[in-house]
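Chemist: Here is what each chain is made of, one letter per residue.
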Amino acid sequence: MTEPVLEVSGLSVRFRTDAGVVPAVNDVSFVLKRGETLALVGESGSGKSVTSLAVMRLTPAPPGCEVRGRATLSRVGELLSLPEAQMREVRGSRIAMVFQEPMTSLNPVLPIGEQIAEPLRYHRGMARAAALREAAKLLELVGIPEPGKRLASYPHQLSGGMRQRVMIAIALACDPDVLIADEPTTALDVTVQAQILELLKALQARTGMAMLFITHNLGVVAEVADRVMVMYAGRVVEQAPVRELFRAPLMPYTRGLLRSVPKLAPLEALGAPLTAIPGNVPDPANLPGGCAFAPRCADVRKVVCEAELPELDAVGAEHLVRCVRWRELAA
Amino acid sequence: MHFPLPRRSPLGPRETVKAVDDVSFSVLQGEVLGLVGESGSGKTTVGRTVLRLMEPSGGTIRFRGRDITHLSRRALRPIRPDMQLVFQDPFASLNPRMTIGSIVETPLLIHRKELGRIERRDRVADALRLVGMSPDFANRFPHEFSGGQRQRVGIARALMLRPGFLVADEPVSALDVSIQAQVVNLLRELRAELGLSILFIAHDLAVIGHISDRVAVMYLGRLVELAPTRALFQTPRHPYTEALLSAAPAPDPDLRRGRIVLAGDPPSAINPPSGCRFRTRCRYAEPACATATPPLQEVAPGHFSACRRQELVLQGAG
Amino acid sequence: MPSMTPASASVDVIAAPPAPRRRMGRGVRRFVRHRLALVGFGIIVVLVLLAGLGPYVSPFNELTIDIRHRFGPPFSGAHVLGTDQLGRDMLTRLEMAGRISLTVGCAAMVLSTLTGTVVGVLAGYYGGVIGSVLMRIVDAMLCFPSIFLLLALAAFVQPSLLSITVIIAATGWMEVARLVEAQVRALRDRDFAVAALALGAPDRMIMFRELIPNAVAPIVVAATLNVARAILLESYISFLGYGIQPPVPSWGNMLNNAQEYLTSAPWLAIFPGAAITLAVTGFNFLGDGLRDALDPRLDVR
Chain E
384 MTEPVLEVSG LSVRFRTDAG VVPAVNDVSF VLKRGETLAL VGESGSGKSV TSLAVMRLTP
444 APPGCEVRGR ATLSRVGELL SLPEAQMREV RGSRIAMVFQ EPMTSLNPVL PIGEQIAEPL
504 RYHRGMARAA ALREAAKLLE LVGIPEPGKR LASYPHQLSG GMRQRVMIAI ALACDPDVLI
564 ADEPTTALDV TVQAQILELL KALQARTGMA MLFITHNLGV VAEVADRVMV MYAGRVVEQA
624 PVRELFRAPL MPYTRGLLRS VPKLAPLEAL GAPLTAIPGN VPDPANLPGG CAFAPRCADV
684 RKVVCEAELP ELDAVGAEHL VRCVRWRELA A
Chain P
142 MHFPLPRRSP LGPRETVKAV DDVSFSVLQG EVLGLVGESG SGKTTVGRTV LRLMEPSGGT
202 IRFRGRDITH LSRRALRPIR PDMQLVFQDP FASLNPRMTI GSIVETPLLI HRKELGRIER
262 RDRVADALRL VGMSPDFANR FPHEFSGGQR QRVGIARALM LRPGFLVADE PVSALDVSIQ
322 AQVVNLLREL RAELGLSILF IAHDLAVIGH ISDRVAVMYL GRLVELAPTR ALFQTPRHPY
382 TEALLSAAPA PDPDLRRGRI VLAGDPPSAI NPPSGCRFRT RCRYAEPACA TATPPLQEVA
442 PGHFSACRRQ ELVLQGAG
Chain L
55 MPSMTPASAS VDVIAAPPAP RRRMGRGVRR FVRHRLALVG FGIIVVLVLL AGLGPYVSPF
115 NELTIDIRHR FGPPFSGAHV LGTDQLGRDM LTRLEMAGRI SLTVGCAAMV LSTLTGTVVG
175 VLAGYYGGVI GSVLMRIVDA MLCFPSIFLL LALAAFVQPS LLSITVIIAA TGWMEVARLV
235 EAQVRALRDR DFAVAALALG APDRMIMFRE LIPNAVAPIV VAATLNVARA ILLESYISFL
295 GYGIQPPVPS WGNMLNNAQE YLTSAPWLAI FPGAAITLAV TGFNFLGDGL RDALDPRLDV
355 R
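Chains as they are written, first to last, in the numbering used here: chain E, 384 to 714; chain P, 142 to 459; chain L, 55 to 355.
Among the hints, a few may not be true.
Said to hold, decoys possible - Across the chosen pairs, the derived CB separations fall in these ranges:
hint : chain 1 : residue 1 : chain 2 : residue 2 : range
1    : E       : 650       : P       : 223       : 30 to 36 Å
2    : E       : 690       : P       : 223       : 50 to 56 Å
3    : L       : 274       : E       : 690       : 47 to 53 Å
4    : E       : 492       : L       : 294       : 49 to 55 Å
5    : L       : 262       : P       : 404       : 50 to 56 Å
6    : L       : 168       : E       : 505       : 53 to 59 Å
7    : E       : 689       : P       : 442       : 51 to 57 Å
8    : P       : 172       : E       : 443       : 36 to 42 Å
9    : P       : 212       : L       : 259       : 18 to 24 Å
10   : E       : 689       : P       : 205       : 48 to 54 Å
11   : L       : 198       : P       : 212       : 41 to 47 Å
12   : E       : 487       : P       : 263       : 44 to 50 Å
13   : P       : 205       : E       : 690       : 56 to 62 Å
14   : L       : 107       : E       : 689       : 15 to 21 Å
As the list claims (entries may be wrong) - Looking from chain P toward chain L, a few residues come up when the C-beta cut is under 8 Å (computed):
hint : residue
15   : 194
16   : 228
17   : 247
18   : 248
19   : 252
Think of the hints as simulated: they come from the structure by calculation, not from any bench.
Idealized CB from N, CA, C, for every residue including glycine.
Taking the hints into account, I'd like the entire structure generated from these sequences.
Modeler: Written out as structure tokens, the structure reads:
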């Protein structure tokens, strides 16, 4: 249960654009263990999606995009230096991904049965008929009623929630060790979101796979995550077990986020103004020197915070924070 | 302002979708009425229809006591400054080819043609300051700004002519979390400062809870509950509201409570279920729920619900 | 009037976004990378300079007849590009003809672009009956092959610069109308257009202030390609004798004159032909480059 299945260290991703070099991800490291869910939280420009794309080797080729660092998947090895042909074997079978927009991720002209069967036929060499039978079983696993009939449906005939379930079925077809879910419920209604989250948790309990769950919704994080990694402007700024992060956040950004999220309870809080974080997320092409959050931080001490980029400090066993002043602020 | 309206959108020769069916509510002077619902609930349609940006197929819309349902475009024009709209998508609601200044100036060019250039420029500067942006930005283009900033520009444009009524159609849904709070706060302050009445449309109950005085819940084109905010959250009287409250994930890992997960997907709007539209997913449904559509009834002072089973005690938030 | 108090501290005044200069650079940079477009642009510049300034610099007049020096081959003696059957200087004639071709080309382009844009925006914005009627007219006119249409019209009209320009424009506006109609139809439902409606903006303001500026990119590309087309058409009809009448030189009628002398004095045909080719190619390349430079920016987020 506690063996690491994916270890990422020093991951950096830079894009070359007309406007210059943009560092989208900077020195990101984390360990994902079997059976656990690590939530990657951040807003736009935080680099959370790019991180997962880089691990999957789905970023544009150099020189448009440069990826540095290491990403080791158990039983496979170092992902970032794998030849493309071998990476293709890994993608979809050992490590799979679910995206935000099921409508654009599914092929609109193929029936869903074929799409689910595809990884089975490619990675496991199954014959078409056998693969379709397995696909029907997968549809049932993800909770789609009348799976046998549904194999012939096209994506546009299904609702958003069902399409997302199909995506999950495709991702799980070959029983991957790691599932990367990039904002899988953001485009869904809240009642459907609840269904999908339940489904993912149930599937995880059943298969023991590890999940890297990317989202900007703190409520969802509280629902699904065992550990949380908060990213800001391309770097990890805090990492902790979920309860600790919500109860005792150390990084001012995390605290600011938690304060600014509207909550349903307690009821007395309804109608009170939210404590917002002032300012805007920085432009990744134009990051300030020193702490990237300093311009917006309520607890900033300019001399110290803008001087140089803080390192990630370890606080106790599992908690990391990138803030020069965390000790004083925690007191 | 008072809006009862059914509306259809014809899809083919004989199919119609009742996007909004027999919805009635009032927005009182100076209040914020939250309108919440999921996709297909018809809330955006309501928002646009009450501003006559879409045509109702029935019912009446009264604005400040005056029936505006069938007014011609010309007759509506003088009223338009009084009722404005803030859009959901900050990327699409500003003309990418116009400077911020031109965009915010547009209402003046339509309704205050007598103003000179300098006077207009000053008012644009005032409007930008009102929403927390520097007047220096007037010469920049929308794509140079973030989503939150663009949304502020949209608000500045909407408020330029001092409307008494604002329809905010999911104004924060497309924004980053830390920016959502900024914009919600901005709207709260502006409402206090300018005495605005707001119809705040959203799908996120928590956001609605933070700004609304009363909340209306829509499901598949119908209003299912209407109540003061606190009452709705504390003692919901319709199973759908209960499910919504329960489904919303709370940012607190210790509250991973037993959650009510609705079975199935929302039914098609073309062929809604007979009787109560929610019955196909409702845990408390009984056979009688299929016979007649329950009307919106007052179940407590100021609290309306469209559920037959008034005896149910439902779980609230918190 | 009522001066607004700025909202309080929870709403901050944000630091200015980075300077806009970068954005202009991107489009230009993209254009510059398109080498053919640069070539095209270069060709046009050269042609315009030659046509505009050449005749002033030249010691010869395009109309002066000098029988003694007729059929002078190019690159020999005073006439750089030789002389024609009447001893007139080829270079000067080409340059003067260039003035006509370029003028007619551009003028026809302006006329057809304006017409097409207006028709297109009306059809796209109003849709319904008006839209259908207008677009069917466009379709009907598109059914006629332009050459025949041109010749038919030319047969009825006294050939002059103005009439030729108008006729060529009359065969070129339809494509622009189609393009604009499609764009406007798509743009009309975008939020910013609805916002203008919600403000009570009159139709013409929405069409011309909000919608057309967003349709500019395909219009510009179409217009550039239209110039190429117009130059070609002018050459056709002049060649066929219905366009510019001699002794006023036009590349087309110079080609016509050169027909009899193809074997004996081939340069009489080669030079006007090359001029037409260069002009048309130049504008086509330019149009391609503009398309690349302008299109991706339409949906900048």
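Chemist: Checked against the structure, which of the hints given earlier come out wrong?
Modeler: Numbers 8, 14, in rising order.
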